[in-house]
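Protein chains: 8
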Amino acid sequence: MNPNHLRDMLEQVRTGNVSPEQAMERLKGMPFEDLGFAKVDHHRALRKGFPEVIFGGGKTAAQIVEITQRLHESEQNVLITRLEANVAADVCAALPALQYHPHARLATLLRHPVEITGRGAILVVCAGTSDLPVAEEAAHTAELLGNRVERLHDVGVAGIHRLLAHHDLLQRASVLIVVAGMEGALPSVVGGLVSVPVIAVPTSVGYGASFGGLAALLAMLNSCAAGITVVNIDNGFGAGVAASLINRVGTT
Amino acid sequence: MNPNHLRDMLEQVRTGNVSPEQAMERLKGMPFEDLGFAKVDHHRALRKGFPEVIFGGGKTAAQIVEITQRLHESEQNVLITRLEANVAADVCAALPALQYHPHARLATLLRHPVEITGRGAILVVCAGTSDLPVAEEAAHTAELLGNRVERLHDVGVAGIHRLLAHHDLLQRASVLIVVAGMEGALPSVVGGLVSVPVIAVPTSVGYGASFGGLAALLAMLNSCAAGITVVNIDNGFGAGVAASLINRVGTT
Amino acid sequence: MNPNHLRDMLEQVRTGNVSPEQAMERLKGMPFEDLGFAKVDHHRALRKGFPEVIFGGGKTAAQIVEITQRLHESEQNVLITRLEANVAADVCAALPALQYHPHARLATLLRHPVEITGRGAILVVCAGTSDLPVAEEAAHTAELLGNRVERLHDVGVAGIHRLLAHHDLLQRASVLIVVAGMEGALPSVVGGLVSVPVIAVPTSVGYGASFGGLAALLAMLNSCAAGITVVNIDNGFGAGVAASLINRVGTT
Amino acid sequence: MNPNHLRDMLEQVRTGNVSPEQAMERLKGMPFEDLGFAKVDHHRALRKGFPEVIFGGGKTAAQIVEITQRLHESEQNVLITRLEANVAADVCAALPALQYHPHARLATLLRHPVEITGRGAILVVCAGTSDLPVAEEAAHTAELLGNRVERLHDVGVAGIHRLLAHHDLLQRASVLIVVAGMEGALPSVVGGLVSVPVIAVPTSVGYGASFGGLAALLAMLNSCAAGITVVNIDNGFGAGVAASLINRVGTT
Amino acid sequence: MNPNHLRDMLEQVRTGNVSPEQAMERLKGMPFEDLGFAKVDHHRALRKGFPEVIFGGGKTAAQIVEITQRLHESEQNVLITRLEANVAADVCAALPALQYHPHARLATLLRHPVEITGRGAILVVCAGTSDLPVAEEAAHTAELLGNRVERLHDVGVAGIHRLLAHHDLLQRASVLIVVAGMEGALPSVVGGLVSVPVIAVPTSVGYGASFGGLAALLAMLNSCAAGITVVNIDNGFGAGVAASLINRVGTT
Amino acid sequence: MNPNHLRDMLEQVRTGNVSPEQAMERLKGMPFEDLGFAKVDHHRALRKGFPEVIFGGGKTAAQIVEITQRLHESEQNVLITRLEANVAADVCAALPALQYHPHARLATLLRHPVEITGRGAILVVCAGTSDLPVAEEAAHTAELLGNRVERLHDVGVAGIHRLLAHHDLLQRASVLIVVAGMEGALPSVVGGLVSVPVIAVPTSVGYGASFGGLAALLAMLNSCAAGITVVNIDNGFGAGVAASLINRVGTT
Amino acid sequence: MNPNHLRDMLEQVRTGNVSPEQAMERLKGMPFEDLGFAKVDHHRALRKGFPEVIFGGGKTAAQIVEITQRLHESEQNVLITRLEANVAADVCAALPALQYHPHARLATLLRHPVEITGRGAILVVCAGTSDLPVAEEAAHTAELLGNRVERLHDVGVAGIHRLLAHHDLLQRASVLIVVAGMEGALPSVVGGLVSVPVIAVPTSVGYGASFGGLAALLAMLNSCAAGITVVNIDNGFGAGVAASLINRVGTT
Amino acid sequence: MNPNHLRDMLEQVRTGNVSPEQAMERLKGMPFEDLGFAKVDHHRALRKGFPEVIFGGGKTAAQIVEITQRLHESEQNVLITRLEANVAADVCAALPALQYHPHARLATLLRHPVEITGRGAILVVCAGTSDLPVAEEAAHTAELLGNRVERLHDVGVAGIHRLLAHHDLLQRASVLIVVAGMEGALPSVVGGLVSVPVIAVPTSVGYGASFGGLAALLAMLNSCAAGITVVNIDNGFGAGVAASLINRVGTT
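Residue numbers (my numbering), protein chains in the order written: chain U, 1 to 252; chain Z, 1 to 252; chain Y, 1 to 252; chain B, 1 to 252; chain D, 1 to 252; chain C, 1 to 252; chain W, 1 to 252; chain R, 1 to 252.
These are computed hints drawn from the structure, not numbers from a lab.
Owing to the predicted nature of the structure, the values given are computational and were not obtained by experimental measurement.
Glycine included, each C-beta is placed from N, C-alpha and C at the ideal position.
Some hints here could point you the wrong way.
[Unchecked claim] Counterexamples of contact, computed for chain C against chain R with all Cβ distances above 10 Å:
(1) R82
(2) Q99
(3) E150
[What the hints assert, rightly or not] The calculated lysine to aspartate or glutamate pairs, modelled on DMTMM-like cross-linking and capped at a C-alpha distance of 25 Å, are:
(4) K59/R x D154/D
(5) K59/R x E84/D
(6) K59/U x D90/B
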């Protein structure tokens, strides 16, 4: 359909040869227009309740403050990820309403309270204490997106009994986020113990042949526990978003 | 707690000094035993309805037939993945009840009809016709696991209008599996159009600097669309399982 | 704008409150609809004269014949790339009108003669005889897309005089495609001799630390001759398309 | 031809047996000499209007000032790339005529105004705000080389509507430079929307499995949109030069 | 066995229908319980004499001091690895009982003297002086775990006579730890000279194509001397633990 | 010391100017001679009982038969590794005394019965049935080298209960060889359950991002269970040799 | 100098204002012409005695025969490398004068006897029998290029005594070529024993983490023995040429 | 042969049962002793005139000064490589006799004047100014080892005329060291112009897909110019040593 066709059709609407309903139908039958219209609304719907997100890594305090203030007119909550402590100090000084979570290296600015909309609890499991920042990034993200979050830390596979001792906790979660560096084996073990979705997060914790998290990433992608899915190295934020989407499947 | 302690406690149960309920509590308080007991049941529950799966890749027809027959006493449906056409011919000759799906390179042996237990529809989106075997592996797996599955094929990002024309289909799915080789860009575009979980499946389709699917895999892991999760290269089966788990979140 | 707004506006067209022209303007001002409409036409325009392309690699003769025949209703010329000689024999038997070019491993099926629309000549330069298939794939593609093509073969950098002896040829080209495997140095040298666009094509020719063309690819990406651009390993077809687009810049 | 032959011929010129014109012809017919002679002129021609370029990365302010001043006798404009803000401050203090563009991390020193010699507009498209420095390096380079440049920023593929809303802008460009980090998918989508040359520039924006831009680079090399060519990671300068050469095809 | 079955059985113990011995047997016959019980004891046994270990890399002095003090109630010796000199100064100031070994970049806090429990001597062989920190980390770890340790330093393969001159030392060791960076060839040569276990430790010593120790790692994994095993790059601690376990084989 | 010096000294021994004891001392004081002398004996001692080993991979049946027969004069047992079934058939036809183990893809030719010289049992643990050939190569090698070998198969980490159910078996081994492909997580879990040396063997089992066993190899090198050592991908033979050396520590 | 200048000068030669000798001088002083002239002669000189080389890998017998016959008019000897036995049979049938060396996988066709022009002996040292084809390719190449060649095979570093036993042989060589696969350690050891140039040749012998010879290549590049240089994996031919050039330094 | 056998034989020499000549023969027949004796002398000979070398990279000024002073008793010249300017200042303050070469980042301490022992001139060719430090490291090393060294800088392949203009210089060298970063193409071009040994040195100059010099390294290893050999990335020192060894072939 080209502009002339469209103009013709509109002319026919004007002359009464084509009814508005018929025009609607024809427009819907065209390749993209229905998309175009729907897209706007949908997008608005999608983003309702979703916080504005600022990736703080590599940005100066001044830049972060400026972006945060620019988002002020929006009604959304704000999430700043990868915010190191020294930068956070300056950002918080300029934005006193900001709440900084040093373990998770993120800050939140709440315009409205977070409403729990997820079905069940999201459990964030973490192999070692060095993986905590990524795990907490995932946990805080999921909380800000309206989920109840539980945490299980320091249950690496070399001490499998520590993990097994929390069998109940594993069983009652709706979705699991499993965070591990080094050999990245934890998601495989956890995936074999539960029957709910498991999101694996490799971290860059390690040295030498961990190659910045590559070893953990490859391990998770090759997991023998079917049904595990993986996000980028250190991507706690992405895992939190994915878990939140999963936790709301079928609710809208 | 060592065996002697256990024996003592059981002795005290016998003498009435400890009630069975107290014994239960003590056993639960011990590091692993509750796990051990629960595990069995849980595992049984988990696997109820889950088919037995045989990875057919690299196996001879004789081996596959033998394994399939060994699973005969089990009450489960059987799924054979990565079953190439020439091997399938021999397997089907030996096992006439087997249904072979050549596009998906898999076969199923149904002991009982598949019951739909998933919440909504799982949509399998596929970039190019060469990605079809992986997409169909995902689709058939999800169907066998009790999900309604829809398909959208040949909607690569270089012809974005073909994808956008199916906006409705994208919007009404509960979970999406997006399969793409080469540059692996499709999940990012799809992820920006929907507000439900997206599982990205890189395929080994491509040549040269695709390095057997590595290019697509890295692209998907680095997706700018938050909330996408990724499985191994060509792992349609794993994507089908993950999507099925997601589609049942909160149903049990 | 949602469907209701659209329906209201169409109603107003019907009642004469809004003229068709005003409706056109409003639709144009909406986020995507202008795109949607234009896209169809544009796409048609774009593809006018562009052949249908079939990637023959990994396909059976039967599959290629079937796809080619399905394209029969289209008015376009057909190009089949990566068609090995043994497969080509069977394809040509079934499609006698097909012309097979064994060096380039491609076949063409002309529905209408190719019209020269490119500005100047495209020169395909090739380092070694083993790189010929890729170079010829590029040359034939460019010819089929309406360009005059010249060829300069076997002018590797280890015998720089052979290249320099064809200085005139290099100077009179509009666009150059430079094909090389092994160390992939030729595009850098050529790029320093001409002042027109150079498209570098790494090939998988080599062994050991060539890692399937990776060495040549990296060399070309790191060329010290500014203005060189690169395509995938062995991607003669892509280079031919890119050169053709460049050779038509400003003609439409 | 060896020195004796040359001497003989010159002797024959002296004796009148060979005319200067005949000698010219013979020299031209020899393997390299015509090259040698032409090369100088050509090279001069090529470089006319081309700025002198200094790669500022890793150089001290003192070194940059010294090199810039050494180029003073040249009549050319000067372009300094990869000039970080802290170094730029010192360089600008020493060279007050220098213009620094912080977003593009480059500086220019104009000896003569830039004349527009390119055919049409070069459009620089950029996926995210973090990719801006590379995009602006490309844009400024193209401008300095005599092209009209337009910009389209922050149109990543996860919000495809933002890109599609600028369909007109995409359609009217002569050449496109598409800059993206992370999954590097934007060039594939753009390449499917236009019918002019597209130069893809991967950036090192990303973390984890982006491996310093490798993910974006591989994605772009494997693009399913035929005709896209690629430059090195973060090589905005090279993309600007390539686009400028393309925009002048057939003008000289 | 599920909780109900367990409760029933315990009830039967109470009523005398099942004797404690029978209950023991049944519990043992269940999948995991014997494990669960034994695990605790065993684990305790395993860790007896094993020091508490703190990975100091990337931790602040304050964090290390806090963790060390938290371990105070434990009766174990403490080992802090990857403790750089500048951090160590502050840690030692806070914990005067700490002994710092600058070459090995580790510190020990002894609660009880180390008892020699290993069979023979562990010999730590080191290719170059730059590999010393890793070698000393291995040596100190092995000593702290109760082994007699000998050292042979600076015997790289390019001066094979220096190694061969210590033939006696090589022959009398029970286990060898061989530490080398760069080409990592030393373990192969040593492995051919002895008939006891050899643990190879690649180090990140080198530059360029050593790729952070990858070259040495690959060399060691591909050793033509059968029976060599390898640990992670720079993992002197892990080598010390492995050698200690080997040196105690059959002693418990 | 050069030959002349040696001859002089021997002359002095003859004339009585130097006693044999003094000559011995002088020879010992020289850099290598003691080595040289000792080496021969030692080497002989080392190899006593060690089989002759032929790497069958890539060799024809004729070549293997020829090499095996050439070793006939030796008194040693012979071990042929990587002997595929089709090659083995021809080899066995020519050498009827050969015993072929198809699962392990190896054959043995015993000149004398194998004597058990290892301290305890070596336990070979195997993650999946596809890893069996490598596990059996390790097991047979260890047996041929004089060790008692136990086997525990198909205990992958996704079904951790299967592993834990064999706790006793794990506890009573002297040395463990743990074989796993895909994510290679099993050695970490096993390493946390035992207090004896663990040799990890990555296998090439897997596809896609397993990259021929690289994923498993990296996982094992980065194991969080201290004391694990690793051999090359699929190197069951090397693991068997290493385990055997460990199992004999201190016995000679 | 541009064409006009050249024409002027030739005119002046004609008129006698410039003598042929002066013209010669001026031409020599110009940027490239001396090169052009000299290049021809030089090149001829360089190639005198150098055989024509055909890379046989991946070529059919028919192609090799055709190329060889086309070279017939040349007076040079012919060397065909990478000629597998099955292809060689057909080639030899067609070219009875050809001599095939199966171990080296190469064939030679001598038009004139090879004259020894190298200074001393080139010694080819080889780690294992599987490396023999590459070693023999190097040795035959060096012989054909006019060098005396000695061989030392099967002296891998795991049996260092076998290498050391041939100390004299090592000492009397002018140049060494050291060929090794797997861990590639041999060149480092040899490099420490001699004071002449050592060319290291990595081979693709190995499996798993040898990654097709990468491990050996990296080891050789990182050799701690200063002065070792390296060629591509399996490039025995290149090593033979390099050794030959070295063996003639200063002779021309 | 064990010590007792040796003692017996020496006793028999004493008693006259074995003559010194027979003893010599027997010792020679033993695996290593002739080597052992010769090795010492040889090694001494090898090192005569060779400077002591200190790798300054990563060392503090204090460490370098200490090592240099410890070498004081040696009669050798001293060469310190990888000595950055800020460290060099402190080192020179402590060792006033030291000569620092900032471009080459190395320092020399001459105990005796360098004597020219090399046959001809070593020419160091360098692609870009950023490659100068590596080129100068090679040049200074070769000079210190007794060679006449010439330099040709800034002759990258993108301006091939600059290289060709120095044809004479290239032709008269005995050995060439060719240093290049980025695409590393220069050695291939140079290798085609000369008939003497060429040592290629890749540098880490570049960014993005140069991957720290990997691109240049791979290019050089895959050079189509036969006879080029390669050293590690940035290894100017190694190239200088290799060139020096080559330049002395046959002189001793």
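Here is what the structure says about each hint:
1. R82: For R82/C, whose nearest Cβ neighbour in chain R is about 29 Å away, the distance exceeds 10 Å, so it holds.
2. Q99: Check passes; 34 Å lies beyond 10 Å.
3. E150: With a cut-off of 10 Å, E150/C remains clear of chain R, as the shortest Cβ separation is near 38 Å.
4. K59/R x D154/D: Given that 25 Å is the threshold and the Cα spacing comes to 17 Å, the pair holds.
5. K59/R x E84/D: holds, 15 Å
6. K59/U x D90/B: Holds, at about 23 Å.
No hint from the list above goes unmet by this structure.
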